[in-house]
Amino acid sequence: MSIPASLPALASRPAAPSRHRILNAIWLPLAVLAAATVLAPLLSLAWSALQGSPGLWLHLAEHVLPRALSNTLALLLGVGIIVILLGTGAAWLVTAYDFPGRRILGWALLLPLAVPTYIIAFSYLDILHPLGPVPSALRWLLGIDSPRGLRLPDVRSLGGCILVLGFVLYPYVYLTTRVMFQSQAASLLEAARTLGAGRTEVFWRVALPLARPAIAIGASLALLEALNDIGASEFLGVQTLTVSVYTTWITRSDLPGAAQIALSMLALVLALILVERQGRKRQRYSLTQRPRPLQPLRLRGGRALLALILGWIPVVVGFLAPAAYLVEATAKRLHLVGGVSAQLLASLQNTVVLALTATLVTVLAGLVVAWAVRSARHRRQARLGAACARAASLGYAVPGTVLAIGLLTPLAVVDDVIGHVLSALFDIPPQLWLMGSMSALVLVYLLRFLAITVGGIEAGLARIPVSLDFAARSLGENSAGMLRRIHLPLLRPALAGAALLVFVDAMKELPATLLLRPMNFDTLATWLYAEAARGTYEEGAVAALAIVLAGLLPVVLLARAGQPTSARSSP
Amino acid sequence: MSSSLELAHLALGYDTPHGFKSIVHGLNLSLEQGQIGCLLGESGCGKTTVLRAIAGFEPLRQGRIALKGRVLAGPGVDLPPEQRQVGIMFQDYALFPHLNVERNVGFGLRRMPAAERRDRVALMLERVGLAHTAGQYPHELSGGQQQRVALARALAPAPDLLLLDEPFSNLDLHTRESLAFEVRDILKQNGATAIVVTHNQAEAFAIADRIGVMRQGRILQWDTPYQVHHHPADDFVADFVRQHEVLRDRRSEALRRAG
Chain S
0 MSIPASLPAL
10 ASRPAAPSRH
20 RILNAIWLPL
30 AVLAAATVLA
40 PLLSLAWSAL
50 QGSPGLWLHL
60 AEHVLPRALS
70 NTLALLLGVG
80 IIVILLGTGA
90 AWLVTAYDFP
100 GRRILGWALL
110 LPLAVPTYII
120 AFSYLDILHP
130 LGPVPSALRW
140 LLGIDSPRGL
150 RLPDVRSLGG
160 CILVLGFVLY
170 PYVYLTTRVM
180 FQSQAASLLE
190 AARTLGAGRT
200 EVFWRVALPL
210 ARPAIAIGAS
220 LALLEALNDI
230 GASEFLGVQT
240 LTVSVYTTWI
250 TRSDLPGAAQ
260 IALSMLALVL
270 ALILVERQGR
280 KRQRYSLTQR
290 PRPLQPLRLR
300 GGRALLALIL
310 GWIPVVVGFL
320 APAAYLVEAT
330 AKRLHLVGGV
340 SAQLLASLQN
350 TVVLALTATL
360 VTVLAGLVVA
370 WAVRSARHRR
380 QARLGAACAR
390 AASLGYAVPG
400 TVLAIGLLTP
410 LAVVDDVIGH
420 VLSALFDIPP
430 QLWLMGSMSA
440 LVLVYLLRFL
450 AITVGGIEAG
460 LARIPVSLDF
470 AARSLGENSA
480 GMLRRIHLPL
490 LRPALAGAAL
500 LVFVDAMKEL
510 PATLLLRPMN
520 FDTLATWLYA
530 EAARGTYEEG
540 AVAALAIVLA
550 GLLPVVLLAR
560 AGQPTSARSS
570 P
Chain W
0 MSSSLELAHL
10 ALGYDTPHGF
20 KSIVHGLNLS
30 LEQGQIGCLL
40 GESGCGKTTV
50 LRAIAGFEPL
60 RQGRIALKGR
70 VLAGPGVDLP
80 PEQRQVGIMF
90 QDYALFPHLN
100 VERNVGFGLR
110 RMPAAERRDR
120 VALMLERVGL
130 AHTAGQYPHE
140 LSGGQQQRVA
150 LARALAPAPD
160 LLLLDEPFSN
170 LDLHTRESLA
180 FEVRDILKQN
190 GATAIVVTHN
200 QAEAFAIADR
210 IGVMRQGRIL
220 QWDTPYQVHH
230 HPADDFVADF
240 VRQHEVLRDR
250 RSEALRRAG
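Protein chains in written order, with numbering that gives the first Met the number 0: chain S, 0 to 570; chain W, 0 to 258.
The hints are simulated quantities; they were obtained by calculation from the structure and are not laboratory data.
Note that the coordinates shown come from a computational prediction; the quantities given were computed from them, not determined experimentally.
Using N, Cα and C, we set each Cβ at its ideal position, and we do this for glycine too.
One thing to keep in mind: the hints can contain errors.
As the list claims (entries may be wrong) - Simulated restraints, written as ranges between beta carbons of each label pair:
1. S:Arg559 <-> W:Gln242: 48 to 58 angstroms
2. W:Arg217 <-> S:Arg559: 48 to 58 angstroms
3. W:Arg217 <-> S:Arg20: 33 to 43 angstroms
4. W:Arg217 <-> S:Ala35: 42 to 52 angstroms
5. S:Ala385 <-> W:Leu172: 38 to 48 angstroms
As the list claims (entries may be wrong) - Over the 10 angstroms line for every Cβ pair with chain S, so calculated as not near, a few chain W residues:
6. Glu5
7. Ile22
8. Glu139
9. Thr174
10. Asp208
11. Trp221
Can you build the whole structure from these sequences, using the hints too?
Pasting the structure below:
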């Protein structure tokens, strides 16, 4: 070949070094900004709490906190017990035993994830109403005529609230524990069997102790969700800390008081995070080399039927019954009125626009934070990036009410500054630029759901070998160009998954939305809340059904992702 | 010939909670234009870290790296990898899985006019004997083919220096030595200046014009293969470069006895 040995300098010489430098250096500062935005409401909360007078604090400590705190603790304890019993039991049932319909049950047990806590409470208020379907059916069965003849325990109580929350939140424990039972424990469980332990004994002596970290992780996630709940406890008349924060601010306009209660919630959150971290740390040690599925025991006849019935109870209570109720109520409403009101359509539109905007913003922010960690050239930058990612992920654990209260002051300050600047420059009359618009809601959704996109994108990036980055850089590509040409195409599934989760979570969000929405602005969730609070039950079911249907999307994805493992576990 | 690559008093390492961990210290090396140098040593001796530092993926603690009279890294200078004109071929080849062979090889040529780029990619593929695979995706190729695509991709932008990190370690024993000669031919044909990192003595002697035997972050000897082999600087170098011969002798001896 007659090619000149030294080729002329090719056109791949870097263009403008300054542009290169900006595109390389922009990520870390943006990640720091994201982390600071998440931390701002928490700091502002502490500051607001200090503004209150000592007398105010005494009033709170004497009249509000003891009841709210003991209610909340009792709620968390009760929900904790129920989610652990249901989640662990269901996970063991579908991994250790085989019976007709086990595969379907395996993913059906995830369905309650689609039902937000306020919707299940809303549904059961009506289902268990003295004139509702269940008491009526019971009376018919028992031959009792008058509603007074049969008194069921009232769902509007702490016990009712615990049950209702337990039956929608158990899937968190079910998911983490099932993975544990399915893979890691298999060889150990079989070793125990060969040592002469029966199936039940194996459960108590080997499987359960092994699953403890997984149970701790699942239960703390479920309890964070219970702590975040505002609708269910409010509808069922349980004065929790979350409800107290809300009423202290909305009805008494007492920001320091609300901030003080919110701070005490943060203490609980911290405790739950510590439990979760501890679980994850211990889980790492129990990973065995090659996960192998457990061989399930085949059940026949009566025992198979019993397993089937036991397994479907959580699905029926946590999903099928409320969903059937919502479908029926919606059908009745549509049949009666022949359509839905313009206001409901407007709140549907609000919800979708808001959720889409929040998804876009949150995915972009998650990408920036995850990319700052990945594209760091040196260890020190990588460490700073990782610290930002951790800080930016804190929002997932902070209840929406707490975040919203913490955001009030920063938002007011920013609104004030924007207002002053705009009125000075363009003579525009002052108005609430953030708090009077959807921006405040987009911001609070971003803070609360950033952990989802950061985590999802980091997991996606972890599957792309770092040597691809090095190859792209040494071939003359800068950080931004490398993201566009290599990582974004390869990240597409991870991005889509994270976007779907954020979209659905934003659609369901109630506590922060209630506090930060502009005047006369409703989403499906706040519409439902208002109807339930008024006790009018007109179109609430329609709104609830729309939210549940959207919530089914990620559950389907989750069930699909779980399919290969469950397919492998049955020969 | 003028010296093309210069490493002077190079020190590399990182901070740990327990203090500074040194990996490479006081390393000097120079390579002339068009020559192939080889860093030879056991795993953990710091040879790959030197490679990463030249490419710009490892910060310098001390010293200076210059290429064709241009300082890449040194006191107050730290060019990002994409501005160094240093190509690198990785142990796992690092082919972009979502791009076909043609677009992989053309990745670093994006500022070139399309027609010119096509010609250049075709030429590179022809030189590594893979013109027929242009439309295929990396996972459809054999290990040896992937390696040659990676080589073509690294050479396509005509870098001032090419780095090869354990280029043959992912291939089976039979193809290794023949590929080492083939890669040497391709590099020479392109007039490329290159540094190869390996722990395999046979590969080093097959490919290099200069060999540096490394141990514990230092180069013990930087010399021609002939000198390293016949006049080793010390006992360690002597033992290390003769290991493969010893092994070969032992094997033939064992075979003789068995026969």
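May I ask which of the numbered hints given earlier this structure violates, with the numbers listed in increasing order? Checked against the structure, no hint fails, so every one of them is satisfied.
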